[in-house]
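*Asks:* Required output: the full structure, derived from the provided sequences and hints.
These protein sequences, in sequence, are chains W and L.
In terms of my numbering, the first sequence opens at residue 448 and continues consecutively.
In terms of my numbering, the second sequence opens at residue 53 and continues consecutively.
There are no misleading hints in this set.
Here are the in silico distance ranges between beta carbons for each label pair:
hint: 1; chain 1: W; residue 1: R543; chain 2: L; residue 2: Q57; range: 24 to 30 Å
hint: 2; chain 1: W; residue 1: D506; chain 2: L; residue 2: K97; range: 19 to 25 Å
hint: 3; chain 1: W; residue 1: L557; chain 2: L; residue 2: A120; range: 49 to 55 Å
hint: 4; chain 1: L; residue 1: R112; chain 2: W; residue 2: G463; range: 47 to 53 Å
hint: 5; chain 1: L; residue 1: Q57; chain 2: W; residue 2: T533; range: 24 to 30 Å
In case anyone wonders, no lab produced these hints; they're calculated from the structure.
Note that CB positions come from ideal geometry on N, CA and C, so glycine has one too.
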Amino acid sequence: EAAVTQSPRSKVAVTGGKVTLSCHQTNNHDYMYWYRQDTGHGLRLIHYSYVADSTEKGDIPDGYKASRPSQENFSLILELASLSQTAVYFCASSDRDEQYFGPGTRLTVL
Amino acid sequence: QQKVQQSPESLSVPEGGMASLNCTSSDRNFQYFWWYRQHSGEGPKALMSIFSDGDKKEGRFTAHLNKASLHVSLHIRDSQPSDSALYFCAVSSNSNNRIFFGDGTQLVVKP
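*Replies:* Okay, here's the thing in structure tokens:
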């Protein structure tokens, strides 16, 4: 079974602070993704990567940065957290077809 | 503009009943369909994919694709309380690795 882990699982941050969400996969997949899910809504793509040391913008990249230092690790960085970034964040990996999701990180910005 | 429209937004069926979910792609370049299921507090998990016209059956789940209308449906036979979840339809093309998710259908199966 493919494995994607995320840390932390939940976080409370202050407005204007820096937040880093981490994702680790053991699937040997080339593709990794960061999505945002707001309560009761679908998944919106923030950033993705198809190779280490390279990232691409998704549909809602503003206010977020991404880093892919290795095939296994993909981070999402909020340099200046804002109230509107309160959401659940999911990381996923794929080898071109099915996407495998992590358990999510619940981020609350106060 | 969203590439995937799902209906209904929510659905309630009795245990043992049939649940039917719908999905339409608005972009003819995206005609490879996926169904994902997300239980409360968990990440989404792929349920099944369908790329060809017609039916695809996996256990109690049957997907039906009509490529001409870019419409796919998911039918859950003999629904169980454990089927209660948020069901996402997703579409992809064969030219890149992006997939686009709909807003989901919340299914509640009542005992």
